[in-house]
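> Next come the chains, spelled out residue by residue.
Protein chains: 2
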Amino acid sequence: MAPLTDFYQLTMAYGHWRAGRHRLPAAAELFFRRGPFRGAFALGAGLAEGLRCLRAFRFSAADVAYLRSVLPSTTEDAFFDYLATLDASEVTVSAVPEGSVVFARVPFLQVKGPLLVVQLLETMLLCLVNYASLVATNAARFRLLAGPDMKLMEIGLRRAQGPDGALSASKYSYIGGFDCTSNVLAGKLYGIPVRGTIAHSFIMSFTSLEEVQPRELLPLAGGEPVDLPALAKSLLQWVCELLQTPPEKTNRGELAAFVSYAISFPHDFQGLLDTYCVRRSGLPNFCAVALALHQLGYRAIGVRLDSGDLAQQSKEIRRVLRACGAHFQVPWFETIPIAVSNDISEQSLEEFSREGSEIDMIGVGTNLVTCPLQPSLGCVYKLVEVNGSPCMKLTEDEEKMTIPGIKTIYRLYDAAGHPFMDLMALEEEPSPSAGQELVIRVLGRLGETSKVVPTTVEPLHRTYFRDGQVCEPLPSLPEVRSHAQVSLSLLSPAHRRLHEPQPYPVAMTERLHNLLTELRQATQ
Amino acid sequence: MAPLTDFYQLTMAYGHWRAGRHRLPAAAELFFRRGPFRGAFALGAGLAEGLRCLRAFRFSAADVAYLRSVLPSTTEDAFFDYLATLDASEVTVSAVPEGSVVFARVPFLQVKGPLLVVQLLETMLLCLVNYASLVATNAARFRLLAGPDMKLMEIGLRRAQGPDGALSASKYSYIGGFDCTSNVLAGKLYGIPVRGTIAHSFIMSFTSLEEVQPRELLPLAGGEPVDLPALAKSLLQWVCELLQTPPEKTNRGELAAFVSYAISFPHDFQGLLDTYCVRRSGLPNFCAVALALHQLGYRAIGVRLDSGDLAQQSKEIRRVLRACGAHFQVPWFETIPIAVSNDISEQSLEEFSREGSEIDMIGVGTNLVTCPLQPSLGCVYKLVEVNGSPCMKLTEDEEKMTIPGIKTIYRLYDAAGHPFMDLMALEEEPSPSAGQELVIRVLGRLGETSKVVPTTVEPLHRTYFRDGQVCEPLPSLPEVRSHAQVSLSLLSPAHRRLHEPQPYPVAMTERLHNLLTELRQATQ
Chain P
1 MAPLTDFYQL
11 TMAYGHWRAG
21 RHRLPAAAEL
31 FFRRGPFRGA
41 FALGAGLAEG
51 LRCLRAFRFS
61 AADVAYLRSV
71 LPSTTEDAFF
81 DYLATLDASE
91 VTVSAVPEGS
101 VVFARVPFLQ
111 VKGPLLVVQL
121 LETMLLCLVN
131 YASLVATNAA
141 RFRLLAGPDM
151 KLMEIGLRRA
161 QGPDGALSAS
171 KYSYIGGFDC
181 TSNVLAGKLY
191 GIPVRGTIAH
201 SFIMSFTSLE
211 EVQPRELLPL
221 AGGEPVDLPA
231 LAKSLLQWVC
241 ELLQTPPEKT
251 NRGELAAFVS
261 YAISFPHDFQ
271 GLLDTYCVRR
281 SGLPNFCAVA
291 LALHQLGYRA
301 IGVRLDSGDL
311 AQQSKEIRRV
321 LRACGAHFQV
331 PWFETIPIAV
341 SNDISEQSLE
351 EFSREGSEID
361 MIGVGTNLVT
371 CPLQPSLGCV
381 YKLVEVNGSP
391 CMKLTEDEEK
401 MTIPGIKTIY
411 RLYDAAGHPF
421 MDLMALEEEP
431 SPSAGQELVI
441 RVLGRLGETS
451 KVVPTTVEPL
461 HRTYFRDGQV
471 CEPLPSLPEV
481 RSHAQVSLSL
491 LSPAHRRLHE
501 PQPYPVAMTE
511 RLHNLLTELR
521 QATQ
Chain R
1 MAPLTDFYQL
11 TMAYGHWRAG
21 RHRLPAAAEL
31 FFRRGPFRGA
41 FALGAGLAEG
51 LRCLRAFRFS
61 AADVAYLRSV
71 LPSTTEDAFF
81 DYLATLDASE
91 VTVSAVPEGS
101 VVFARVPFLQ
111 VKGPLLVVQL
121 LETMLLCLVN
131 YASLVATNAA
141 RFRLLAGPDM
151 KLMEIGLRRA
161 QGPDGALSAS
171 KYSYIGGFDC
181 TSNVLAGKLY
191 GIPVRGTIAH
201 SFIMSFTSLE
211 EVQPRELLPL
221 AGGEPVDLPA
231 LAKSLLQWVC
241 ELLQTPPEKT
251 NRGELAAFVS
261 YAISFPHDFQ
271 GLLDTYCVRR
281 SGLPNFCAVA
291 LALHQLGYRA
301 IGVRLDSGDL
311 AQQSKEIRRV
321 LRACGAHFQV
331 PWFETIPIAV
341 SNDISEQSLE
351 EFSREGSEID
361 MIGVGTNLVT
371 CPLQPSLGCV
381 YKLVEVNGSP
391 CMKLTEDEEK
401 MTIPGIKTIY
411 RLYDAAGHPF
421 MDLMALEEEP
431 SPSAGQELVI
441 RVLGRLGETS
451 KVVPTTVEPL
461 HRTYFRDGQV
471 CEPLPSLPEV
481 RSHAQVSLSL
491 LSPAHRRLHE
501 PQPYPVAMTE
511 RLHNLLTELR
521 QATQ
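Those protein sequences? They're chains P and R, same order as listed.
Under our numbering, the residue at position 291 of the first sequence is numbered 291, and the numbers go up by one with no gaps.
Under our numbering, the residue at position 129 of the second sequence is numbered 129, and the numbers go up by one with no gaps.
Same shape as in the complex, but just chain P (with noise of 0.2 Å):
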C-alpha cells in the first residue's frame, strides 16, 4: 500500500533523507475543520483499513523500480535502498475506537514516529478516513431521521465510486446504522445482510401467464400442488371487485412475473408495484398473488414502490391492504412491509414523517454513497511536533490555525451523561479528574478563561498500533455499529440535531494555551 500517495511526500521524504532529518521523532494529527452537512457530529471510521494499511506498509521491489524512474535523475541510489527497508513498525498510532462520535478540529487519529515515515503515511490514511467517515455520518444522520423502527438499506453500488468505492460505501454505511445492502460482495467480504428481490426488469421479461413455469406449488403443510397462476387469475377477479378497479386494466405480464417469483420463493415474496400502473395494477395484481399464497399457507413479504409520491401512495397501499386483509379474512395483510427507494434523501425522510406515511423500509442509493450535500469530509494531518519542538502553522484564520504539540484528548460529560466538550492537553499534563474544577480556553473565544466541572472525564484515544503490530483488539463490524449507536446516543439533543445544531464546545487547558501563546509570539 505504500506507494498509495502524492508523489510530493516522496520528493519531500528525499529531502528530509538526504538533509539526515528523516528520523526525527515527529507527531501527526488527523482532523477536519468543520462538521459535515453542517452538523455538529461526525462519526470516525476507517481505523481498521488504516491499521491494516499500515501492517502492510512496504515498497515493493517494483515499486522502488517505478519510483526510481519518476524520481528525478539526481536522486541518489542510496535512498531507494532506503526506500526498499521502509515499514511502519517504528510507529505509533493511537485513535478514537471506530464509529465514535467524533467533532470539528479534534484530532481523532494521531501518528508518532520518524519523520519521513509520519509524513509519507498522511495520504493513505486521509484516503481511508475521510470517506469512511463521510459516508458513516451520513449514514447516522438518515438513521436519526428514520428512528430506530425503520429498516434502512444501502443500494448504492452502482452511483458509488467504482468497486471499491461502492464496498466503502456499504461497510460504513453499515457502521452508521443501516441495516443492510443490495451489494452481494460487501455482503460476502463483510458478513453485512444483503436484501434484494425483483427489479422492474424481471416484470417486464414477461408478457402473459402462459410463461410461468413451473406453474405448481406445494402447499407449506403438505398436500396436492396447486396451480399457482390459475388460482392468482381467479383471485385477482375477486380483489379487482372489491377495490373496484377493471381487471382488464391488470398487466398480464406483471402477474405472471409475480406468479412466477412466488414459486420461485413462496417463502420471499415481494410484489414490485408500479412498473405499470400502481392501482390499476401492481396492487391488485400483488394481492392477488399474495392471497393466493396465503391459501397455500405462505405469507408475502412486502412491497415496493421506486417512483411517484412514495408517501402519499404508501398511505393508500395500507388502505388496500387493510381492506384485502378484512375482506379475505387475512389479518397478517395490513402489516406487509411497504419498502420504498428512489432518489431517497434527507428530505424525502423528512416529508416521509411529516406526511404520516406507512413505509416501513427505504433503500437510500446516491444521497447515502455520493453524499452530495458535502462530497468530501475534508480531513487534514497536520505535523505537531519534529524533533521535540511543537510545530504550528499560523494564519489570520483562527480555524486553520494548527495546535501545536503532542496532545492527549478527553471528552467531559454532564451529569446527564451528555458529552459537553472535548478538552486537549499536553500529553505530560495530568488527567483532568471527574467533580473537579478545570480552567480551560474554549476554542473560538481564546481570549478568556472558562470553567468547568466535568462529572465524568474520559481520554479519548486508545493505542491501536505500536512495533509493527495492532495492539489493541479490533471489534467487530456489528460491534463497531453498535458502539457508533451508543455513542451517538450519549450526544445531548441539541448537538445531535441535524439542522442548526448547537455548536459543540472544544478546549484546550491553560497549558496548552500558554504553550500556542508562546510559539505564536515566537513567531512573530
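Hints are computed from structural coordinates only; laboratory data are not their basis.
One or more hints might be untrue.
It does not matter which identical chain is meant; a pair holds if it fits inside one copy or across any two.
To be verified - The calculated SDA-like cross-link candidates involving lysine to any residue, where the alpha carbons are at most 25 Å apart (straight line), are:
(1) Lys451 - Ala494
(2) Lys451 - Met401
(3) Lys451 - Ala221
(4) Lys315 - Gly302
(5) Lys400 - Ser73
(6) Lys451 - Ser73
(7) Lys233 - Pro246
(8) Lys393 - Glu316
(9) Lys233 - Gly223
Here the structure of chain P is known, so what remains is to put chain R in place on it, guided by the hints.
Just chain R, lined up with the frame of chain P:
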C-alpha cells in the same frame, strides 16, 4: 467479479432459471437520461475495465457457497451448480470507443446474450461505467475551460471514495484531458505522469538555516561546491531591497526548507509560497533560492500557491518575477510557471480567465473527483429485447420511456464536420447513406417527421467482446485521451459550451418509430 452485483439480480436469476427462461436470448442497452453538469455531452468511459470484468466473470466456489448461505433455503441445489458453470462466453458487447463524446438517451454500450447473464451484468457494468464517464466528463469540462496550454493536475487522492475511487479518478481525469496526477499508485499502475514537490508540512518542519544538511551544491558546469544557504541568504538581502520588503519579515524556516529542497533537487526546485506571507516571505525567499540556483547554472521549475486570491496573487507574482529577472539579468525568471491549488472549481477557472491571471498550472482535487455539481451520472441499463420480442417500459414521462428493440446507432455529421444528430435505427435496417435525405423522428417531438441530409454517417458502435474474448484491439490510455480530445473538438461550439448548450438532437428512424407506436398501442 461476478458477486459485484445487487442481490436482486441473483433472486431474479433464480426466478428466470426456475422458469427455464435463463437462456432466452436477450439484449440490454446502457445510457444516461440527461447530460451531466447541465452540459449537452459526456465522455463515455469505463469500457476497458468493463471488458476485463466480463472476461473474468465467474462465480468462484467461495462465491457460490456464500450465495447458498444467503439465498432462501428453498433455492434448489441445481441452481448453484448452474451458477458455478456460468461465464460471459455467450455474451456479445458493442460500445462506442472509450473516450468518445456521448449524448443523453443514446445507448453507448449494448449487451446481447442469455437473459440470465445479460441481467446479472447490469450492476457491474453500471458501477464501472457510471463514475468513469462522470469524472472523465468533469475533467473534460475543466480542460475546455482551461484551454489547451494550461497544465492540469489531478490531486484528489485524499478526497475520493477510498483507494480505488481515487485510482479511477486519476485514470479517467487523464482520459478527460488532465496532464498528470499526484497519485503515485495511479502513475505506477497506469503510466500517468506523476508530479509533486513540497507541502506546507515540509516547510514547517524547518526552523533555521542551521538545519540545512548538506549545505553544498556543485555548479552544473562543474567546479567548486557552493554553500547554498549562505549564497541564498546573501541574495535575499538584495531581493528584499529590490522588493522593498524588510528582510526580518522573511521566515528563516521557510528559507531553510527551500534551500534544502533545492540542494536535493537542483533541477526541480519549486517554491510553495504561502506557508507564511507570500509577499513578505515566500516570494523573496523563493527568488533568493532561485537566483542562487541560477548562479550555479540551474533553473527553478516554478512556484505554487495554495490559498488566497489566486488570480490576483499570480499577477503580483508575475510582476515580481519580471522585476527580479530584469534587475538580476535572469531572462528565464519572468516565465517561471505559476501553479495554484485550493478548492479549484469550474468557477475558479472562469474567474482566472476573467481576471487575466498569470497561472500556468492548476491542481484540482475535491471538485474534480467528487463531482459536486452532480456526484452521479445516473446511467441506466434496460432490457430492450427478450426472446425476439422488443420490450419497452411505458410511462407518462416520455423522457423515462425506453425505446424498444436492438438498435444500430449512427452519428450524422454536417458539412463543417460537426456531429449534428445521433440516429437510432433497428439493427436490421440498412445503413443510412451520406448525402441522402433521411426521414426521421426527433426525440421530444415524436409526433412529427423531420428530414435531414448528413454529409457523413458514422456507425457509432464497435463489437468489443464476443465468445468470451475481447475482439477489438483496445487503445492505450494516451490513445484514449487523444481520442477524447478529438471527439470533443469535433463538437459544434453550441453543443460543446458548458452553460446552456444547445440540446443535441437524438432521433429514430421511421421503422423504429413504427415499432414504438405498435408496442405502445398493444400495451395500452
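> Each of the hints needs a verdict: does it hold here or not?
Consistency of the hints with the structure:
Taking CA atoms no more than 25 Å apart as the test, Lys451 paired with Ala494 passes inside one copy only; the shortest distance there is 21 Å, against 64 Å between copies. For the homomeric pair Lys451 and Met401, the shortest alpha-carbon distance inside one copy (24 Å) is at most 25 Å, but the shortest distance between copies (65 Å) is not. Proximity of Lys451 and Ala221 under a CA criterion of 25 Å is satisfied in neither setting, with 71 Å inside one chain copy and 66 Å between copies. Taking identical chains as interchangeable, the C-alpha atoms of Lys315 and Gly302 lie at most 25 Å apart only when both belong to the same chain, with a minimum of 14 Å there against 64 Å between chains.
Taking the closest pair of Cα atoms, Lys400 and Ser73 never come within 25 Å of each other, the shortest separation being 37 Å inside a single copy and 56 Å across copies. Taking identical chains as interchangeable, the C-alpha atoms of Lys451 and Ser73 are never at most 25 Å apart, the minima being 58 Å within one chain and 62 Å between chains. In this assembly of identical chains, the alpha carbons of Lys233 and Pro246 lie at most 25 Å apart only when taken from the same copy (14 Å versus 92 Å across copies). With identical chains, the CA atoms of Lys393 and Glu316 are at most 25 Å apart between copies only, with a shortest distance of 24 Å across copies and 60 Å within one.
Within a single copy, Lys233 and Gly223 get their C-alpha atoms as close as 21 Å, which meets the 25 Å cut-off; across copies the closest is 98 Å, which misses it.
Going through the hint list in order, the structure does not satisfy hints 3, 5, 6.
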